[in-house]
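Visitor: Spelled out from the first residue to the last, the chains are:
There are 2 protein chains.
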Amino acid sequence: MAVYTEIDDEELAGFVAQYDIGTATGLKGIAEGVENTNYLLQTDRGSYILTIYEKRVDPDDLPFFLGLLDHLSNKGVPCPPTIHGRDGKALRHVAGKPAAVQTFLRGIWPKRPQAAHCGEVGAALARMHLAGLDYPASRPNDLSVDGWAELVAATAVRADEVAKGLAGEIATEYEYLSANWPRDLPTGVIHADLFPDNVFFMGDKLTGLIDFYFACTDALAYDLAICLNAWCFERGGEFNITKARRLISAYREVREVSAAELAALPLLARGSALRFLLTRLYDWLNQVDGAMVKPKDPMEYRQKLRFHQRIEGPGAYGLD
Amino acid sequence: MAVYTEIDDEELAGFVAQYDIGTATGLKGIAEGVENTNYLLQTDRGSYILTIYEKRVDPDDLPFFLGLLDHLSNKGVPCPPTIHGRDGKALRHVAGKPAAVQTFLRGIWPKRPQAAHCGEVGAALARMHLAGLDYPASRPNDLSVDGWAELVAATAVRADEVAKGLAGEIATEYEYLSANWPRDLPTGVIHADLFPDNVFFMGDKLTGLIDFYFACTDALAYDLAICLNAWCFERGGEFNITKARRLISAYREVREVSAAELAALPLLARGSALRFLLTRLYDWLNQVDGAMVKPKDPMEYRQKLRFHQRIEGPGAYGLD
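Heads up: the protein sequence lines correspond to chains A and B, in order.
The first sequence begins at -5 in this note's numbering and counts up by one.
The second sequence begins at -5 in this note's numbering and counts up by one.
Only chain A is shown next, with the shape it has when bound in the complex (with noise of 0.2 Å):
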């Protein structure tokens, strides 16, 4: 949620040069997105998003993020497609740092998703992993129990400061996960972010899949867990049921979930759960001081694990 780089209007023009995509007529920063500087491009041809990408972010994955917008948007997937230089490279600098424009998408995002959207997204992101079948490059989530385990590690001695009990709760999980996580379901490139924000509709009607930024390759399942858990409950915490049948269905109507898919779902939604609750307390246990961005509450995810470890089966999502 914030302008971390701002770009000289002579380097602005020389940068946009660099591309076919006539005369920058605007440019204003976007207070969206935590990772990256993100600028409106406007010029005398479109609109475009102007992305900047500042540390959190490993130059060395940017081929796999743009290669993969290119390989899903000329899919069908409704994503932005970047823009390539005349030069015909789509990853080039700006400001001394890595950068590189895409199409603006339109759409807004939902600020309280309701069942229709749900199912818009479980179909969005079933095409989306069919699309990604056969994108040649890959990435593994550093975000997955091995990622985890460095951030129970960094989080345990502070942990109790956020809620008492909570390394513990967290030391428990961790094993458990640890010891029980499916490692033979099939995979492929997942979004790993696809919360309601990086999401865009008219009305009722998905346009757009954006901030592809996490995306890696794991289980297909695995992604949708993370999006039961960023679509399926409500603000006060309670889970929506009707929500979650929408979001799976769908994604079935596209693509075929095996029986042993379905049947780690609980498992993979508490490691989906435990992932967001380990990166929001480490965010929150370390606020740098004049950060432009509020840290999210780790507690809703505690919330949503324990939903997940309470349940007795995939049947809790509505499934049949």
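Treat the hints as calculated values from the structure; they're not laboratory data.
This structure is a prediction, so every number in the text was calculated from the model and none was measured.
Do not take every clue at face value.
You can't tell identical chains apart in this list, so a pair holds if it fits in one copy or across any two.
To be verified - Keeping only pairs whose Cα atoms sit at most 30 Å apart, straight-line, the calculated DSS-like set for lysine-lysine is: (1) Lys105 with Lys83; (2) Lys158 with Lys91; (3) Lys83 with Lys69; (4) Lys199 with Lys91; (5) Lys49 with Lys290; (6) Lys288 with Lys49; (7) Lys91 with Lys290; (8) Lys69 with Lys290; (9) Lys105 with Lys49; (10) Lys69 with Lys288; (11) Lys288 with Lys91; (12) Lys199 with Lys69.
For chain A, the structure is supplied; the task is to place chain B on it using the hints.
Guide: Same frame as chain A, but now just chain B:
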């Protein structure tokens, strides 16, 4: 540099329907503008700025500001006209707060203003002053001598935390300015905050003036003095006489400046420097924990104040 107010989906649709501007196709929070929440609102008809007025703007002042934009843009001043609703009203409400929609102006604010930009600003400022002469409403300048007195009192105890001797320096300057402040210069509507980030350009050509939320009725030459401070110093703090000459001479080509106004310029520039020194100092000393705005350095304006204190007369600004 923040979005303070989010708008729910249904509320947005209902709000946009109050105007004849089509259907919303995009809404992005803009990371600029310290005082209010600004969204770039896109519809199937065009681009607009949706401003939600936060607590630092007095709602009673909004008719003055919005009427002024209409008045000035009707007279050809390049500022964004307000969009009126189907019922004719420009000032509306969204998310429980006052809000207005303005036409989007093309152009980009200059990160490193050149002398040519200063000339354009001088001419546009003068045109704005002439166009505002018959604006029927008036609004006192809260941040003139009386307002400074309050800020001097509010910062006196802690000013020396920022720089040793600062409280005394401010008190002496305030005493001098309040005893000598000119009361008989030509007045009219002034912008009062025409910094580079409030002026758009396409290349060297000025395309727009924005952010009139400090506009008030005061000495016209005081606005010129504010621009001297905002546009004619280099990043290292050096005064650039070439830029000042361009600014003032372009202004004088459009509006005749009296001998009294010219003679008063150094004093007005000291007053302007004290005004921004005081407001920045106040914000610096009263930083809100978790605020998403970085306070600006007050010391920049102490340096500018000292420059204007030292000069012999208005000739130092390149006047002939």
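Visitor: For a quick check of understanding: which of the numbered hints are violated here, in increasing order?
Guide: Per hint list: 2, 8, 10 violated.
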